[in-house]
Amino acid sequence: MGKRVLVIEDEPNISEALRFILSRNGWRVEVTADGQAALGSLSADPPDLLILDLMLPGVSGFDILRDLRAREDTRALPVLMLTAKGQAADRIEAERLGVTRFMTKPFANADVLAAVHEMAQT
Amino acid sequence: MPRTALTGTRIRARRNLRGLRQAELAREVGISPSFLNLIEHNRRKVNPQLLEALAEALGVSADALIEDQDGRLIEGARAAAQRSEAAATELERIDEFTSRFPGWAKVLAETQARVERLERVIESLNDRMTHDPYLGEALHEIISAVTSVQSTASILTDAEEIDPEWQARFHRNILEDSARLAEGSVALVNYLDTVQTDEAGLAAPLEEVEAWLTRQGFHLPEIEQGLTDMDVLVRGQVELSSEASRVLAQSWLAQFAADAAVLPLEAVSDALSDTGLAPEALAARFGVPFDQVLRRLALMPEEVLQAVGLPPLGLVICDSSGTMVFRRAVEGFRLPRFGGGCPLWPLYQALQRPHVPLRQLLLTAGRLGRRYLAYAVAAPITPPAFDAPSVLRATMLIVPQPAGAAQAEPAPVPVGSSCRTCAQLECIARREPSILVTGA
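Listed in order, the protein sequences are those of chains P and S. Following our numbering from start to finish, the first sequence increments by one per residue and tops out at 122. Following our numbering from start to finish, the second sequence increments by one per residue and tops out at 440.
Hints in this document: simulated from the structure, not taken from any laboratory. A quick note: this is a predicted structure, and the numbers were derived from the prediction, not measured. Note that the Cβ used here is the ideal one computed from N, Cα and C, for glycine as well. Any given hint might turn out to be false.
What the hints assert, rightly or not - Listed next, the stretches of chain S that the computed footprint assigns to chain P, with coverage defined by at least 3 CB atoms under 8 Å from CB atoms of chain P: (1) 143-157; (2) 345-359.
Unchecked claim - In silico EDC-like pairs for lysine to aspartate or glutamate, Cα to Cα no more than 16 Å straight-line: (3) P:LYS3 with P:GLU30; (4) P:LYS85 with S:GLU141; (5) P:LYS85 with S:GLU75; (6) P:LYS85 with P:GLU30; (7) S:LYS106 with S:GLU56.
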């Protein structure tokens, strides 16, 4: 049984591509566009890794990350943040909040896979 | 020092400038030296008659001694001083400075006002870049679509086999996202165009003139009718929001009027019917310089060009430094808004060979490359003189060529707009990497 990754991304076609490449590499992939709902399930049943979009409707990726890092059971969860906003300020904020990796869109599939693989090792 | 106390100080400064002693000036205007002393120390008011007498004796107008006249200068100097710690200690002598050096004070006040104006412009541009919600949203939408297309296309081209159902789904996704991308790009371009038009005040004078002439279709019938007072045409035009743009517009209109005078509309129309577009033949027929013909052709009314089967024509004029000083864009041939154009344009080649008319077929770089015929020439705009630099001006007429037309010409020269946005990577003239391919 492969490791479990949760993708919180509101662009369905991006989620679909991520689901495909990660599944093909042995991950069990769950996808949601609803950050608020994901917060509850994350705590109850944390995945092995989280791929998190920064700009989500309602609740931002920063809010989710802040919440995760404040909880005991998700404090160490590896989080890969993906964003179309590549400004230095966002990267700094993400790092301040404890992101594991920060990648800007558009991304190369191979880079995402490499990052996920590396994060899963640690 | 309070503003009401400035007249006396100003009188003292003027007296010192003229090298008069208090007693001498007092005697001349019929008051005691001690009373003048009190006035000069702003302890007594000056009545209008005495002010006139003092002004006459000091060789200035009474207005020059009235405190409010210099208020703007003082405020300007004060604003400048407050921005600089170095001048803070001399703030109390500000009235003395503006009285003794009104010219310099004016320069300082104007510079300060300009700095403040520019700061507001920068702030507004910065604000737009950072906080414009539409711009942020539109860019986010485009980047999301690009991400999806890139990621999905990469899956499809991967060597591994893909289940047909997934394959069909990914094809559909790419189609959806490319449509979204196309719509998003058009919306963004339209939005940026609107912003530029709405905020003409932020544009450079050349851009304002360009925007104004674009609205006129680059043709002003009044000029054909011999109007010489260009001020009538430029006054009150919304696009020409600055004095600099109005002055620039007037100088171009004067040039176009001179061109129209020697190349009358009807005669040029007839000549075009006879010879087709042949600038060299027109120059010979009318006995005028080649660059004058190029300018005139680019500013002919569209219906006249249409009647002889010609599309609207583009025009670029640059000075010896290569800086574009006039632009009329033509469809598909992009002219950069900032910085220099493509070094391969005949416009720049002409600068190397003044007076030699050039004719060159061009092909714009990129997937959708189009052909244009360019005519160019450079000529001095300064009168012949020894021991003085000569200034050249190069002019290039851009003539779109019909798609698929038979080309008996030599192979076209591939050209771009500017290196930064040019897809022609292997180019001898490239001066910096292109953002289109390298992501630089």
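Here is how each hint holds up against the structure:
Coverage of a stretch by a chain is defined here by at least three residues with a beta carbon nearer than 8 Å to that chain's beta carbons; for the region 143-157 of chain S and chain P the count is 10, and the condition holds. Only residues whose beta carbon comes within less than 8 Å of a beta carbon in chain P count, and the region 345-359 of chain S has 0; fewer than three means the coverage is violated. Straight-line distance between C-alpha atoms of LYS3 (chain P) and GLU30 (chain P) comes to about 11 Å, which keeps the hinted pair within the 16 Å bound. Between LYS85 (chain P) and GLU141 (chain S) the CA atoms are separated by roughly 11 Å; this keeps the pair inside 16 Å, and the hint holds.
With a C-alpha separation of about 44 Å, the suggested pairing of LYS85 (chain P) with GLU75 (chain S) is violated against the 16 Å cut-off. Under the criterion of a C-alpha separation no larger than 16 Å, the hint pairing LYS85 (chain P) with GLU30 (chain P) is inconsistent with the structure, at around 24 Å. A distance of roughly 24 Å separates the Cα atoms of LYS106 (chain S) and GLU56 (chain S); the hinted pair therefore is violated under the 16 Å criterion.
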